[in-house]
Every structure is written in C-alpha cells, then in structure tokens.
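S.K.: In case you want the letters, here they are:
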Amino acid sequence: DSGVTQTPKHLITATGQRVTLRCSPRSGDLSVYWYQQSLDQGLQFLIQYYNGEERAKGNILERFSAQQFPDLHSELNLSSLELGDSALYFCASSGGTSITKNIQYFGAGTRLSVL
Amino acid sequence: GQNIDQPTEMTATEGAIVQINCTYQTSGFNGLFWYQQHAGEAPTFLSYNVLDGLEEKGRFSSFLSRSKGYSYLLLKELQMKDSASYLCAVRESGYSTLTFGKGTMLLVSP
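Going line by line, the protein sequences match chains X and E.
Each residue of the first sequence is one higher than the one before, counting from -9 in the working numbering.
Each residue of the second sequence is one higher than the one before, counting from 20 in the working numbering.
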C-alpha cells in the first residue's frame, strides 16, 4: 500500500458528462501529481500541485481542471467527456523531508469509461 | 523537452537474468527512476539514480551513465511475478515532475 488513496476505483459515464476524481496524498506529502494512462499513450503527466498551488502543467486539456485543498487532498475535474478520455487516471504524491522526498508514490488509480 | 526510449517487449525464462535498457535525451538531467507496473495496477517505485554508477537493491539493480544518457534495470533470479511493464522516467533540472517512457513489457516464462 503506497499510502495514496484514490476514489472512485471505477467510473462509467456518458459522453458530454462531467466527473470528479479524488486523491488523498501520503501523510506529510505536499505535492500531488495527476497522470493519464491509455493503452497507446503510456503514462502522461497532466498537472502538479504543491501545497495548494499549481506548480507544473503537462498535457492537460482545457476541459480538464484540478485543485488542491487546504487538507492537501486533490480533485481532478473532467468535463465535456469524449470517448477518447477513457483511460486510467493516476494520482501520485511526493514530499516530506526524508531521503524518499524525490520519489513519487502512486495511488491505485481510477478507471474511467466513457460510453 | 525530453525523449525516452526503451524496448517495447522482452521475454525471459524463470531463474534467468534480464537487462532492460533506457536511453534519454533531456536539456537538464536531475534523476532517473524505474517503476514496475502490473496490468491495471499502480506503478510501484523500484529505483532512483542521480549519480553515475550501479545501485543494487536485492534482485534488482539500476545503472546510470549521465554522459551517455543511458540507464538499465537488471533483474536477477527472475520469478513469474516479475512479468510486468517496467517504466523508465526522467526528472529534468528545476522540476519535480517526471517524464515516463512507454514502458517495457517483460514476460517471464517457466
């Protein structure tokens, strides 16, 4: 168990809908990262938050947004969903002051199916 | 930007040794990571190299040559449970984000 919690595990929805994915980082980690993994694209970085502030952006669509709350949990919002958004969405966290601070630990992921 | 290359698939036999290579091009290097990912599951951290040389951790070792933009993951005494995808990831200077390669699918057969 990595200590990173993601909910829900599975999500089935229709095109045009909006969903919210939730992530709780490991205790003490200030950074949260969101990734999308589809069969043909591999693991793609979407966005990073650090202590409530957006820190870095990757290949995130304008239809997607995220935020990190004062308790450090994060949410990824996906709107106007398309069939191509079907993928595994992972959250990872890193931080702390130990020698492991540079390592990202991943949650179990949310499998999104857009029908 | 970064470019990371690793073989798509490899096969090996139980009990054998396998080496998975990763080459990368980056404008500023600040660490290379290896993760293991079983199908449909989360990537799990295996190793982290920031300096040249070999890091050994049980049956797994990882090597880095920064001048050559090259790393490998060495798996010894292969077990069936080692069948998984192995992801190479690079962190660029000034960032804590990772860029992942597409992964190498390793199949271990009896």
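No wet-lab data here; the hints were simulated from the structure.
Note that CB positions come from ideal geometry on N, CA and C, so glycine has one too.
Heads up, some of the hints might be wrong.
In silico BS3-like cross-links for lysine-lysine, where the CA-CA straight-line distance does not exceed 27 angstroms [as the list claims (entries may be wrong)]:
(1) X:Lys47 x E:Lys121
(2) X:Lys47 x X:Lys91
(3) E:Lys95 x X:Lys47
(4) E:Lys100 x E:Lys76
(5) E:Lys100 x X:Lys(-1)
(6) E:Lys87 x E:Lys121
(7) E:Lys100 x X:Lys47
(8) E:Lys87 x E:Lys76
(9) E:Lys121 x X:Lys(-1)
(10) E:Lys100 x E:Lys87
(11) E:Lys121 x E:Lys100
(12) E:Lys121 x E:Lys76
Chain E stretches covered by chain X per the calculated footprint, using a threshold of three residues with CB under 8 angstroms from any CB of chain X [unchecked claim]:
(13) 63 to 74
(14) 85 to 91
(15) 94 to 100
(16) 109 to 115
Over the 10 angstroms line for every Cβ pair with chain E, so calculated as not near, a few chain X residues [what the hints assert, rightly or not]:
(17) Ala4
(18) Arg8
(19) Gly18
(20) Ser21
(21) Glu43
(22) Arg45
(23) Phe54
(24) His63
(25) Ser69
(26) Leu73
(27) Gly74
(28) Ile93
(29) Gln94
(30) Phe96
(31) Arg101
(32) Leu102
S.K.: Against this structure, judge whether each hint is valid.
M.R.: Here is how each hint holds up against the structure:
About 20 angstroms separates the Cα atoms of lysine 47 of chain X and lysine 121 of chain E, which keeps this hinted pair within 27 angstroms; it holds. Taking the CA atoms of lysine 47 of chain X and lysine 91 of chain X, the gap is about 20 angstroms. The hint holds against a cut of 27 angstroms. For the hint pairing lysine 95 of chain E with lysine 47 of chain X, the CA-to-CA distance comes to about 37 angstroms; that exceeds 27 angstroms, so the pair is violated. Among the hinted pairs, lysine 100 of chain E with lysine 76 of chain E is consistent with the structure: their alpha-carbon atoms are about 17 angstroms apart, no more than 27 angstroms.
In summary, the hint linking lysine 100 of chain E to lysine -1 of chain X is supported, as the alpha carbons are separated by about 23 angstroms, within the 27 angstroms threshold. With a C-alpha separation of about 20 angstroms, the suggested pair lysine 87 of chain E and lysine 121 of chain E falls inside the 27 angstroms cut-off, and the hint holds. Note on lysine 100 of chain E and lysine 47 of chain X: the hinted pairing is violated, with a Cα-Cα distance of about 35 angstroms set against a maximum of 27 angstroms. Using a Cα cut-off of 27 angstroms, the hinted pair lysine 87 of chain E and lysine 76 of chain E holds, with the two alpha carbons roughly 23 angstroms apart.
With a C-alpha separation of about 23 angstroms, the suggested pair lysine 121 of chain E and lysine -1 of chain X falls inside the 27 angstroms cut-off, and the hint holds. For the given pair, lysine 100 of chain E sits about 31 angstroms from lysine 87 of chain E by alpha-carbon distance, which is inconsistent with the 27 angstroms threshold. Restraint check for lysine 121 of chain E and lysine 100 of chain E: the C-alpha separation of about 20 angstroms stays at or below 27 angstroms, so the hint holds. Between the alpha carbons of lysine 121 of chain E and lysine 76 of chain E the distance comes to roughly 24 angstroms, so the proposed pair stays at or under 27 angstroms and holds.
Evaluation of the coverage hint for the region 63 to 74 of chain E: fulfilled, as 3 residues show C-beta separations to chain X shorter than 8 angstroms, against a requirement of three. For a cut-off of 8 angstroms, the count of residues in the region 85 to 91 of chain E with a CB near a CB of chain X stands at 0, and the three-residue condition is violated. Evaluation of the coverage hint for the region 94 to 100 of chain E: breached, as 0 residues show C-beta separations to chain X shorter than 8 angstroms, against a requirement of three. Remark: the region 109 to 115 of chain E is confirmed as covered by chain X, as 3 of its residues place a Cβ nearer than 8 angstroms to a Cβ of that chain, reaching the required three.
A cut-off of 10 angstroms between C-beta atoms confirms that alanine 4 of chain X is not in contact with chain E; the least separation is 23 angstroms. The non-interface label for arginine 8 of chain X is consistent with chain E: the shortest C-beta to C-beta separation is roughly 25 angstroms, beyond 10 angstroms. Interface exclusion of glycine 18 of chain X from chain E stands, the closest Cβ pair being 15 angstroms apart, more than 10 angstroms. For serine 21 of chain X, the requirement that its beta carbon stay farther than 10 angstroms from each beta carbon of chain E is not met, with the minimum near 6 angstroms.
With a minimum CB-CB distance of about 13 angstroms to chain E, glutamate 43 of chain X clears the 10 angstroms threshold, and the non-interface call stands. The beta carbon of arginine 45 of chain X sits about 8 angstroms from the closest Cβ of chain E, which is not more than 10 angstroms, so the claim that it is off the interface is violated. For phenylalanine 54 of chain X, the condition that its CB be more than 10 angstroms from all CB atoms of chain E holds, with the nearest at approximately 16 angstroms. At the 10 angstroms boundary, the C-beta of histidine 63 of chain X stays outside the reach of chain E, the nearest C-beta of that chain being 17 angstroms off.
Non-interface call for serine 69 of chain X relative to chain E: holds, since the shortest CB-CB distance, roughly 24 angstroms, exceeds 10 angstroms. Non-interface call for leucine 73 of chain X relative to chain E: holds, since the shortest CB-CB distance, roughly 20 angstroms, exceeds 10 angstroms. Every CB of chain E is more than 10 angstroms from the CB of glycine 74 of chain X (nearest about 18 angstroms), matching its label as outside the interface. Distance check for isoleucine 93 of chain X against chain E: the nearest CB is about 5 angstroms away, which does not clear 10 angstroms, and the non-interface claim fails.
Taking the minimum C-beta to C-beta distance to chain E, about 6 angstroms, the non-interface status of glutamine 94 of chain X is violated against the 10 angstroms cut. At roughly 4 angstroms, the least C-beta separation between phenylalanine 96 of chain X and chain E is not larger than 10 angstroms, which violates its mark as non-interface. Look at arginine 101 of chain X: its CB is around 8 angstroms from the nearest CB on chain E, not clear of 10 angstroms, so calling it non-interface is violated. Against chain E, the non-interface label of leucine 102 of chain X holds: every CB pair exceeds 10 angstroms, the least being about 13 angstroms.
In summary, the structure is inconsistent with hints 3, 7, 10, 14, 15, 20, 22, 28, 29, 30, 31 from the numbered list given earlier, while agreeing with the others.
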